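Participant: Sequence:
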Amino acid sequence: MLIAITILTLLFACTNEGERHVVPNDYMTPELRARVDQLKSDLASEATNESSIVERADLLADWIDAYAMAGGEVGIDAPRVRLQATLAPTGQQAVNQSRNVDQFIREFILRDEEGSLGLLTSDTLGPFVVSSMAELRQTWRVGTKPIVTGGGFWVARHFNANWGTFQTENPAAAGYVSISTDDDDAVFERETIMASGPHGGFRSPQPAIHFAWLKVNWIVAPVSPLLTVIEVRVAQE
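So the sequence shown is numbered by the working numbering: it starts at 3 and just counts up by one.
One or more of the hints may lead you astray.
As the list claims (entries may be wrong) - Okay, derived cross-link-like pairs now, EDC-like style, lysine to aspartate or glutamate, Cα gap no bigger than 16 Å in a straight line: (1) K42 to E137; (2) K42 to D64; (3) K42 to D60; (4) K147 to D114; (5) K42 to D114; (6) K147 to E116; (7) K147 to E115; (8) K42 to D104; (9) K42 to E57.
Because the hints were derived from the structure by calculation, they are not lab data. Being a predicted model, the structure only gives us computed values, none of them experimental.
Using the sequences and the hints given, assemble the complete structure.
Facilitator: Here it is as structure tokens:
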């Protein structure tokens, strides 16, 4: 959730250049840290299932709370994970929710490692003139964790009405989205995915643009030169 978890915020959760959320190095109590480290190890050896979801979801919720109390960004879905501990799912629901719990664990493993998610910035945060075209340029510099082949960028929409449709065909039209990078070896392919939830479709999955990362021919270093730029052109109504 989580490469997906990272680009999810792309279109609406940017900071001005140089600003970022800083979470203390250890925002957990020693007891919680030990339990979280064990959870990471457990997930590496076995996926969450109906027999383990209650315990893991409850611990994950404590982890998310601690991260949020320390000033970390947790999104809108992560805090709801405790429901899987208080209202234990069964059957197919347990399968679906176990998958979600594991996605959140992997997301917060990344959040727990300083610098892993890189930095998303924008110098075009508004205000914008009503009924006019505006170009939003947002830049993400990769952190200590790279994008892997098969991952990519989901251009998510915010949960609002009359949001229009993103497209990649006509640069002069509303909702145009493009992607570029300063890495000459990077290859992206535009594809359509079906996205659910507040940044996709509430009642049912809705089509969304995804820039798939097909090839990368560089060795990851602690500080990578990769710079990925997303440009979005929208009409303000």
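Participant: Against this structure, judge whether each hint is valid.
Facilitator: Hint check results:
no.	hint	verdict
1	K42 to E137	41 Å, violated
2	K42 to D64	14 Å, holds
3	K42 to D60	14 Å, holds
4	K147 to D114	12 Å, holds
5	K42 to D114	11 Å, holds
6	K147 to E116	10 Å, holds
7	K147 to E115	9 Å, holds
8	K42 to D104	10 Å, holds
9	K42 to E57	13 Å, holds
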